[in-house]
Amino acid sequence: MEPMVRFQGVTKRFGYLTVLKELDLDVAPNEKVAIIGPSGSGKSTLLRVLMTLEPIQEGVIYVDGQPLTHMERNGKLVPADERHLRSVRGKIGMVFQNFNLFPHMTALENCMEAPVRVLGLSKAEAEARAAELLKMVGLDDKMDARPSRLSGGQQQRVAIARALAMRPKVMLFDEVTSALDPELVGEVLNVIRKLGEEHNLTMLMVTHQMGFAREFADRVCFFYDGRIAEQGPPEEFFSNPQNERTRAFLSAVLEAH
Amino acid sequence: MNIQQGTVIFLLSFTAGLAVASFAGFRDFIPGLLEGAWVTIQITVMAAGVAVAAAMVAGLARLSSIKPIRWIATVYVEIFRGTSALVQLFWLYFVLPHFGISLSATTVAVLGLGLNVGAYGSEVVRSCIQAVPKGQYEAAIALNMSRSLMMRRIIIPQAVVAMLPPWGNLFIELLKATALVSLITITDLTFRAYQLNQVTLRTVEIFTLVLIVYLALSLLITIGMRALERRFGADLGRIR
Amino acid sequence: MLFDWGFVLEILPTLAQAAVITIEATVVSFVLALVLGLVFALARMSARPYVSLPVGAFVEFIRSTPVLIQIFFLYFVFPQFGVVIPALVAGVMALGLHYSTYCSEVYRAGLENVPRGQWEAATALNLGPMATYRDIILPQAIPPMVPALGNYLVGLFKETPLLSAIAVLELMQTAKIIGSETFRYLEPITLVGVFFLVMSLASAALIRRVEAWLRHRRD
Numbered sequence: 001m002e003p004m005v006r007f008q009g010v011t012k013r014f015g016y017l018t019v020l021k022e023l024d025l026d027v028a029p030n031e032k033v034a035i036i037g038p039s040g041s042g043k044s045t046l047l048r049v050l051m052t053l054e055p056i057q058e059g060v061i062y063v064d065g066q067p068l069t070h071m072e073r074n075g076k077l078v079p080a081d082e083r084h085l086r087s088v089r090g091k092i093g094m095v096f097q098n099f100n101l102f103p104h105m106t107a108l109e110n111c112m113e114a115p116v117r118v119l120g121l122s123k124a125e126a127e128a129r130a131a132e133l134l135k136m137v138g139l140d141d142k143m144d145a146r147p148s149r150l151s152g153g154q155q156q157r158v159a160i161a162r163a164l165a166m167r168p169k170v171m172l173f174d175e176v177t178s179a180l181d182p183e184l185v186g187e188v189l190n191v192i193r194k195l196g197e198e199h200n201l202t203m204l205m206v207t208h209q210m211g212f213a214r215e216f217a218d219r220v221c222f223f224y225d226g227r228i229a230e231q232g233p234p235e236e237f238f239s240n241p242q243n244e245r246t247r248a249f250l251s252a253v254l255e256a257h
Numbered sequence: 001m002n003i004q005q006g007t008v009i010f011l012l013s014f015t016a017g018l019a020v021a022s023f024a025g026f027r028d029f030i031p032g033l034l035e036g037a038w039v040t041i042q043i044t045v046m047a048a049g050v051a052v053a054a055a056m057v058a059g060l061a062r063l064s065s066i067k068p069i070r071w072i073a074t075v076y077v078e079i080f081r082g083t084s085a086l087v088q089l090f091w092l093y094f095v096l097p098h099f100g101i102s103l104s105a106t107t108v109a110v111l112g113l114g115l116n117v118g119a120y121g122s123e124v125v126r127s128c129i130q131a132v133p134k135g136q137y138e139a140a141i142a143l144n145m146s147r148s149l150m151m152r153r154i155i156i157p158q159a160v161v162a163m164l165p166p167w168g169n170l171f172i173e174l175l176k177a178t179a180l181v182s183l184i185t186i187t188d189l190t191f192r193a194y195q196l197n198q199v200t201l202r203t204v205e206i207f208t209l210v211l212i213v214y215l216a217l218s219l220l221i222t223i224g225m226r227a228l229e230r231r232f233g234a235d236l237g238r239i240r
Numbered sequence: 001m002l003f004d005w006g007f008v009l010e011i012l013p014t015l016a017q018a019a020v021i022t023i024e025a026t027v028v029s030f031v032l033a034l035v036l037g038l039v040f041a042l043a044r045m046s047a048r049p050y051v052s053l054p055v056g057a058f059v060e061f062i063r064s065t066p067v068l069i070q071i072f073f074l075y076f077v078f079p080q081f082g083v084v085i086p087a088l089v090a091g092v093m094a095l096g097l098h099y100s101t102y103c104s105e106v107y108r109a110g111l112e113n114v115p116r117g118q119w120e121a122a123t124a125l126n127l128g129p130m131a132t133y134r135d136i137i138l139p140q141a142i143p144p145m146v147p148a149l150g151n152y153l154v155g156l157f158k159e160t161p162l163l164s165a166i167a168v169l170e171l172m173q174t175a176k177i178i179g180s181e182t183f184r185y186l187e188p189i190t191l192v193g194v195f196f197l198v199m200s201l202a203s204a205a206l207i208r209r210v211e212a213w214l215r216h217r218r219d
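Protein chains in written order, with this note's numbering: chain A, 1 to 257; chain B, 1 to 240; chain C, 1 to 219.
With the rest of the complex left out, here is chain A (with noise of 0.2 Å):
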């Protein structure tokens, strides 16, 4: 089966560090894949270039079979323009860490913007459907409120729906609980929990929920160095890393809590 997400040797660096180092990861459509390891280890990088908010140097990364940093010309792969840039990348989605709703519009509007402004739906349209996504993440009663209003938690939840409203394929969460206080963290994770289950989506999550993670992943990735060090399913990750610094970065993590 064709990869939803594909890195092939993906190296990317910012000056004379190198973050990513050739990197190869293949997920699967409605696999859900959580991303774990040090500060600095590489992981949001990962999403950060998934999601074109960074150039990578060397490498191509594939999304829903097409090649999305490059483009084809001639049978050949060159750096792609803006404009197949920006027609690959309405698969993707993503939730940040600080949540970067819109200060200047409601939840609501947050909501219709992309859509009406990028999908060209008509406001009614777009309305409609944010009104079903806030719903859908318990904010119903929020729509027309304003992000300083709200808590950490429903901004996040709105920042979800916001980027459901696009209906992507494949969804990313940059440590999307890592800013909030911990009694609102839950309220997220269930509403991620919730998409899992009733969406075909594709989720890609740094985290350091590993809680969470060993419950809701198929897989896991730990990450170390610019590299994949060891990843597998929760249950054998978990209980039996085989990696030394899987290993050390567990004990330190679990120890924690």
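Note that these hints are calculated values from the structure, not bench results.
Note that this is a predicted model, so its numbers are computed, not measured.
You may find that some hints are simply not true.
Computed, partial: chain C to chain B, Cβ under 7 Å [stated by the list, open to error]: (1) THR65; (2) PRO66; (3) LEU68.
Heads up, the beta-carbon is just placed ideally off N, CA and C, and yes, glycines get one too.
For chain A, the structure is supplied; the task is to place chains B and C on it using the hints.
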């Protein structure tokens, strides 16, 4: 009560005292000065329009990735900030006719002052756009927005709110600068004051009164800008 | 309409003389602004409201109103009391007064930026007011003030053309006279503009250098 309010009250009472002391004479000033004040207001408003437009264009141009555009904007800003408003007004008024361009004094005033304040304003525009958090850009990209859509609907609206206080100060500087147009024959408040002084020689009363009028106008600007800040800033959670 | 370089050479000496007047006016006004600004700043920080409030009101009044009017005021008011002063003196006084209000703000902000703890430490060490200011407060307050004051100096320099309104023979007035006598305004006024632009860019670079030097010195 802030300093400016206190100032106005203090000076109004001073003037009231003067008025009582020289009642009849005082009335003679008022019509001429009011006409002058009206001209000042009109020039200020028109120049403000030019200034905002020039600042938006130049500010965005300075952020452009295209070098020639950045360069032209920088030249504009450096020239208009590096020379004084009066030199610019005189240049437009005395020198342009040599090139066959004969502008009316009012056009010179509005254009000259507008471009002058616009140059300072472009810095405000530029820095406020750059101050919008990077996360907003990233969210827009994640939603697959084009660059122009992102600027138009997400970035610039947020930048505009941040710009309001500095623009308030710039508009007050603009108001003060309109006094210069009296030197290119425009019959504004300063011109009227000069005339009246030549005729009546009541220097202290006339000029003090005129200064108070300018102060009052600048207070109007401050109040107006504060109202705008409250209206738009509250939405973003930045309530004063 | 070509630039007549021959004409430029002709008028250069006259303009150079006028430039001297411009620079003199700038320097004297600025010194006045620095001194008067300090007086105002200290008065505004006074613990006695009958001193600080009127001075504060006066400073705000002057700062928020056009300097041109203030120039006219001083120029015309003295003769009415029988005192005859040259236009240059009246102009310099007005510019100095106007810019002293800006300087007083810089002083106030600069002094307020010195952390409270410094004042308290000086008190704890039983330092008298003179020593406190001289050795503790001013050395910390002054460096950040320098760029701001430098910018006002440049601003003041660029406002000297206003003195042409009371016929002071500085650069702008001289340029206008040349223009009205020869009907060629292009060269004189452009030269004046270029002169101001060059001086302004040079001072801006100089001020940046000073800023960097000051920052370097602190660390």
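So, going through the hints one by one against the coordinates:
1. THR65: Constraint on THR65 of chain C satisfied, holds at 5 Å.
2. PRO66: 4 Å, holds
3. LEU68: 4 Å, holds
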